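Protein chains in written order, with numbering that gives the first Met the number 0: chain G, 0 to 152; chain V, 0 to 70.
Rather than coming from a laboratory, the hints here were simulated on the basis of the structure.
Treat the numbers as computed from the prediction; the structure is a model and nothing was measured.
C-beta: ideal position from N, C-alpha, C; glycine also.
It cannot be assumed that every hint is accurate.
Derived Cβ-Cβ restraints for the label pairs, each shown as a range [what the hints assert, rightly or not]:
# : chain 1 : residue 1 : chain 2 : residue 2 : range
1 : V       : Tyr41     : G       : Arg59     : 31 to 39 Å
2 : V       : Pro47     : G       : Ala18     : 25 to 33 Å
3 : V       : Pro7      : G       : Pro77     : 35 to 43 Å
4 : G       : Arg97     : V       : Gln46     : 41 to 49 Å
Example chain G residues on the side facing chain V (calculated, C-beta under 10 Å, incomplete) [claimed, not checked]:
#  : residue
5  : Arg8
6  : Leu16
7  : Ala18
8  : Leu32
9  : Gly78
10 : Gly98
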Amino acid sequence: MADTLTPERAAERLRGLSADVRAAVLLDAAGSLAGASEDDHERGPALGELARKLFEEVDRATRDWDTEPPEQVEVQVPGGAVFASRTPRWTLVAVAKRGALASLMLYDLRAVLGELEGGPPIRRSVSAEERAAGPATEEHAAEELPMPELGGE
Amino acid sequence: MKEKRKGPLSRAAGLAEGMAATVRRMQREREPRVLVYDPTGYARLVQPEARGHARIMELAEEMLSQVAESE
Chain G
0 MADTLTPERA AERLRGLSAD VRAAVLLDAA GSLAGASEDD HERGPALGEL ARKLFEEVDR
60 ATRDWDTEPP EQVEVQVPGG AVFASRTPRW TLVAVAKRGA LASLMLYDLR AVLGELEGGP
120 PIRRSVSAEE RAAGPATEEH AAEELPMPEL GGE
Chain V
0 MKEKRKGPLS RAAGLAEGMA ATVRRMQRER EPRVLVYDPT GYARLVQPEA RGHARIMELA
60 EEMLSQVAES E
């Protein structure tokens, strides 16, 4: 059985999903740093503070809009991009390489947050050699689905 | 109606047009911008002259600088 994703490991999980993620931080509902990707423990607090301010500014900029508050944000800047996604409990922010595909980044952010909220874990497909030999069953086939299944809300 | 058969030259031109369109789209996607998505995935652009746009860009650039410094 797969381990349950903890807030401390969520940012690193995101980096594991996407090679385009250079750094990631997770904030809790109060805006405090709950986790940072592995190499980012030193810069984590600074990145977390910037991430918190980013959503504050986004909320300020969209306050008068006749829509629901934004759930995800994409900021393209020269040299890279910042992607962010939030739920009522968590905010996950990623600093990405230039050219990262926005749709994939936003999907991965949402998938990790879904897993953190108790949704099913994201599985990677495995090659036939890695998998133990055995009869092909529907159960095995379902486990090989490459797409993460997001928990329904 | 019978479809007009394309020769190798027009097929090559078609490929080149497709590649040029892809490059243009990729360049457009990398232009500095702020997009926000509502819970249904609907995207809206924060206009460059809008309140907060400049500050959002600054914060994102600062995040990138932080990461670049430690790489």
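Results for each hint:
Taking the beta carbon of each, Tyr41(V) and Arg59(G) are about 20 Å apart, not inside 31 to 39 Å as hinted. Taking 25 to 33 Å as the suggested C-beta distance range, the pair Pro47(V) and Ala18(G) conforms, at roughly 31 Å. For the pair Pro7(V) and Pro77(G), the beta carbons lie near 40 Å from each other, so the given range of 35 to 43 Å is met. Take Arg97(G) and Gln46(V): their Cβ atoms lie about 23 Å apart, and the range 41 to 49 Å is violated.
Taking 10 Å as the C-beta contact cut-off toward chain V, the hint placing Arg8(G) at the interface is violated, the least distance being around 19 Å. Taking 10 Å as the C-beta cut-off, the interface hint given for Leu16(G) is violated, the closest approach to chain V being about 18 Å. With a least beta-carbon distance of about 14 Å to chain V, the hint placing Ala18(G) at the interface is violated under the 10 Å criterion. A least Cβ separation of about 13 Å between Leu32(G) and chain V goes past the 10 Å threshold, and the interface hint is therefore violated.
Taken as an interface hint, Gly78(G) checks out: its beta carbon lies about 6 Å from the nearest beta carbon of chain V, inside 10 Å. Proximity of Gly98(G) to chain V holds as hinted, the smallest CB-CB distance being about 7 Å (cut-off 10 Å).
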